[in-house]
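4 protein chains.
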Amino acid sequence: MSTNQPPKTPEEWWSTSIIDMKPGSIRIRGYAIEELIGRVGFAEMIYLMTRGELPDPAAAKLLEAALVAAVDHGPQAPSIAAARMAVTCGVGINNAMASAINMLGDVHGGAGEQCVALLNSIASHLGGDPTERQIAEAVETQLRALAEESHVPGFGHRFHPIDPRAPRLLALVDAAAAGGAVSGRFAAIGRALEDALASRKGRRIPMNIDGATAVVYAELGFAPPLCRGLFVLSRSVGALAHAFEEMQSGERNKGPIPRHLLWRYTGPPARALPDGA
Amino acid sequence: MSTNQPPKTPEEWWSTSIIDMKPGSIRIRGYAIEELIGRVGFAEMIYLMTRGELPDPAAAKLLEAALVAAVDHGPQAPSIAAARMAVTCGVGINNAMASAINMLGDVHGGAGEQCVALLNSIASHLGGDPTERQIAEAVETQLRALAEESHVPGFGHRFHPIDPRAPRLLALVDAAAAGGAVSGRFAAIGRALEDALASRKGRRIPMNIDGATAVVYAELGFAPPLCRGLFVLSRSVGALAHAFEEMQSGERNKGPIPRHLLWRYTGPPARALPDGA
Amino acid sequence: MSTNQPPKTPEEWWSTSIIDMKPGSIRIRGYAIEELIGRVGFAEMIYLMTRGELPDPAAAKLLEAALVAAVDHGPQAPSIAAARMAVTCGVGINNAMASAINMLGDVHGGAGEQCVALLNSIASHLGGDPTERQIAEAVETQLRALAEESHVPGFGHRFHPIDPRAPRLLALVDAAAAGGAVSGRFAAIGRALEDALASRKGRRIPMNIDGATAVVYAELGFAPPLCRGLFVLSRSVGALAHAFEEMQSGERNKGPIPRHLLWRYTGPPARALPDGA
Amino acid sequence: MSTNQPPKTPEEWWSTSIIDMKPGSIRIRGYAIEELIGRVGFAEMIYLMTRGELPDPAAAKLLEAALVAAVDHGPQAPSIAAARMAVTCGVGINNAMASAINMLGDVHGGAGEQCVALLNSIASHLGGDPTERQIAEAVETQLRALAEESHVPGFGHRFHPIDPRAPRLLALVDAAAAGGAVSGRFAAIGRALEDALASRKGRRIPMNIDGATAVVYAELGFAPPLCRGLFVLSRSVGALAHAFEEMQSGERNKGPIPRHLLWRYTGPPARALPDGA
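Chains as they are written, first to last, in the numbering used here: chain L, 23 to 299; chain U, 23 to 299; chain E, 23 to 299; chain W, 23 to 299.
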């Protein structure tokens with residue numbers, strides 16, 4: 023902070039490499055917006071905005087698959103419930119969507135980001151063309167470094183014995199790897215993690231949506247915080263669809279449980295204020 | 023509210039037509055998620071989630087173009103500035119994105135929604151295959167109904183003499199209309215609005231991004247609140263890209279102006295507390 | 023916007039009459055912060071910040087009573103439920119509080135603001151020292167102007183036959199009016215509204231918390247948007263207390279209903295993707 | 023999670039010790055709301071809601087002083103700027119306040135919480151009636167445990183050589199300790215920290231508002247996350263006052279810098295889309 027550089031002007035304070043504007047001209051990462059519109063897809067635009075370059079077609083297709091996969095998991099998810107509740111409270115649909123997204127924190131929205139970090143960490147111990155055995159060893163080393171009882175992000179699901187989204191995404195990664203579009207290294211690490219967990223726990227704990235999208239995003243080279251961001255973009259679609267559906271219900275101030283039910287009170291019994299208060 | 027219907031169970035309280043789940047199975051609008059992944063694009067998934075059915079390819083392409091068009095307009099927009107500020111405050115990237123989206127209110131994010139409502143209102147006065155003259159008359163009727171000085175949403179731009187995104191989107195609508203994929207009626211209404219405004223104001227007030235995306239969304243039959251929602255999905259990409267870029271800066275508690283500048287104080291001069299306070 | 027004034031500097035762009043700062047000095051509305059600390063109460067500080075001057079003691083006491091009254095109405099309120107849900111999602115307690123506050127919109131948090139506007143509108147038709155009859159007539163005129171079936175904000179409660187907070191707040195206003203600290207005019211209008219509604223509906227629809235706080239805030243001269251703001255400050259206390267309590271539970275991703283329950287699905291039956299998709 | 027307990031009913035799922043309700047009755051921590059209104063102050067109500075019991079008068083006075091101290095630090099703070107920006111975007115004043123609060127994360131709003139945790143950690147190494155020397159040693163031990171270059175939360179200010187709020191709050195703690203209302207132990211630890219930092223850095227790094235409120239809250243026994251929450255309650259007053267002031271300006275979509283300024287673009291030069299895109 024205390025440098026000999028001259029203080030920044032407001033224009034320098036707000037600098038960006040993402041977008042350039044002049045009257046009548048908008049350029050994204052150097053490309054004129056009117057050239058992008060109609061020629062690149064939404065998933066490609068997401069890639070360009072966050073990465074700085076356009077993806078090749080196979081990468082775009084993988085990104086698109088991951089974005090499709092995570093749009094919704096129903097109103098039991100706090101984020102989606104919040105979108106539905108908010109829209110009955112007399113706020114704009116953008117505020118309802120923001121309320122949903124605001125809940126996609128480390129626990130609700132962070133497993134993908136954490137899993138990418140884990141995959142990257144394992145990969146950093148591997149050389150150029152690792153064998154299955156080298157991968158398994160790197161996985162074991164990493165798992166031993168985790169606390170014994172710690173949860174491994176991206177594996178296991180409280181509801182789905184097998185998360186139907188995961189094998190489908192993995193198959194798409196395999197196909198892309200077979201075509202040379204991605205390395206396939208992170209899919210291999212993910213499967214090795216699944217095997218290592220199975221041998222530790224005595225039962226398979228299959229990769230879930232967070233693990234499978236993490237494999238996709240790691241193969242595509244997205245930095246971990248962007249992986250949370252991509253999940254937010256995806257789940258925002260669910261927030262919008264659910265907010266709009268709830269908007270049709272005419273419900274007002276929709277709480278979590280129907281109005282004829284009350285919560286359970288567990289506090290002190292009725293009492294009088296102390297004298298002097 | 024006071025009906026003779028039995029009170030809802032919690033399951034009925036949380037009902038939806040969007041997603042069905044069983045252990046190992048997730049269906050969106052009836053389609054198995056593993057069939058959707060890899061076969062439908064992200065824009066198509068957005069359409070399916072919000073509309074209940076898959077779009078035809080021409081509709082998907084138009085939706086994709088509109089989503090691409092609105093991703094960013096730079097850090098002078100309060101939403102994007104908020105995303106950059108928030109991420110330096112020690113919150114998650116989802117919270118930064120929510121802070122941005124929360125600002126896309128009636129003024130910042132509502133012009134598209136308002137313009138679709140205006141287009142629909144004009145269209146509701148037209149028969150099956152209206153002439154240019156009938157469209158111009160319906161536009162005039164509608165404009166006379168607006169207060170004299172009122173702003174017409176979707177036209178004019180404080181910065182761009184011509185918003186480069188608008189003619190490009192209109193050209194895509196024209197092409198889709200020529201192919202019979204959309205009616206082209208709302209593009210015609212939009213242009214008639216532009217003409218009517220020009221003759222009133224004595225200078226052209228060209229359609230802007232909000233007007234052009236409104237034409238696209240009206241052609242595709244999106245309800246007005248969904249149009250705000252689609253804008254939110256689009257601008258969320260900008261929020262993510264800018265939040266991530268700012269995250270690299272190492273800045274802490276980034277305020278609107280550089281630290282060596284202070285705001286201008288316009289309140290009462292220094293004074294002492296009254297006795298007795 | 024298009025004026026002949028020179029463009030604002032960034033310092034002018036961020037001007038305020040609320041706070042002045044120099045190194046080592048912070049003044050609020052002209053008062054040194056170190057003089058305010060320990061000598062004015064929190065409610066007085068809220069008044070000073072929002073109104074520009076310190077309240078007299080009777081006004082401070084009334085404001086304090088209204089702020090105390092509205093802190094909580096239980097986890098069935100969407101705002102409070104949202105605070106509890108959010109804090110289990112891995113976000114900061116400030117994000118959980120923001121999620122709650124974000125839901126205090128026109129429907130959930132706006133009745134007080136709307137009721138103050140209604141009280142002010144009725145009062146604007148009254149002279150200096152109105153009789154009960156003049157008040158009743160002004161109320162009738164105003165009610166006739168409202169649509170027949172419209173809801174009158176601040177009256178009636180879905181749960182409480184009599185909202186225990188309302189008569190208590192009214193009694194405090196009466197006492198302040200008897201002492202000359204406030205006019206009592208808005209309490210009289212509020213009661214006249216209650217009478218008029220009773221004669222229209224054939225049953226009493228008692229003033230609720232929103233109506234009673236509106237009477238307090240109108241007596242104190244708060245502008246309507248500030249009334250929503252004061253409610254937000256008050257209910258934020260509930261959001262904090264509930265978020266903190268939930269934080270102790272160890273729950274993760276707390277949704278609206280227990281995990282063994284699922285929502286009811288009302289959409290299309292299982293179907294296959296169309297060929298070509 | 024996998025227990026032999028029967029699954030929770032929705033009422034059990036939403037249980038709380040804070041508030042009990044029956045038709046016509048609201049009890050907070052056992053006290054009837056109509057008894058609390060008018061008899062306890064807002065700061066006392068905050069204490070009751072978050073702690074479960076009413077504070078004694080000296081504790082209430084200290085809490086009130088800390089809440090008064092932190093209401094505002096001007097529009098250079100990202101939170102306050104966000105409130106002002108949001109309210110010009112066409113959202114409710116509650117949404118503007120939520121946008122501000124959402125930015126009070128670990129960096130912008132967390133120093134008080136972190137400082138309380140530090141004070142508690144040092145105190146946990148001290149016996150019943152520690153000497154100054156024992157306190158200094160416990161402080162040294164703790165500081166040695168921190169990484170060499172790490173920032174100590176609650177000390178130093180980028181703008182104020184001495185933060186005028188800190189010595190005033192400390193003086194109030196001293197007075198309360200002299201009267202036996204609090205132990206004074208945390209004020210002593212805070213001062214010992216200041217001394218230890220001075221001897222390490224060769225210049226005094228005075229306690230700031232976060233440090234001084236942390237001393238107050240630690241003396242009062244607030245858990246660290248509640249300290250962030252109390253700061254949120256306090257700064258929400260600033261968010262409200264600034265949002266309301268900005269609302270009067272008529273500004274629309276207020277960005278961080280005046281409209282005639284543009285940000286600095288640092289990305290790739292203008293380029294054409296590659297063939298095939």
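Simulated from the structure, these hints should not be mistaken for lab results.
What you are looking at is a predicted structure, and each value in this text was computed from that prediction instead of being measured.
Some hints could be false.
All copies of an identical chain are treated as equivalent in the list; a pair is satisfied when it fits inside any one copy or across any two copies.
Said to hold, decoys possible - Below, in silico cross-link-like pairs of lysine-lysine (DSSO-like), each with a Cα-Cα straight-line distance of 27 Å or less:
no.: 1; residue 1: Lys44; residue 2: Lys30
no.: 2; residue 1: Lys30; residue 2: Lys83
no.: 3; residue 1: Lys223; residue 2: Lys44
no.: 4; residue 1: Lys223; residue 2: Lys83
Among all the numbered hints in the text so far, which are the ones the structure does not match?
2, 4
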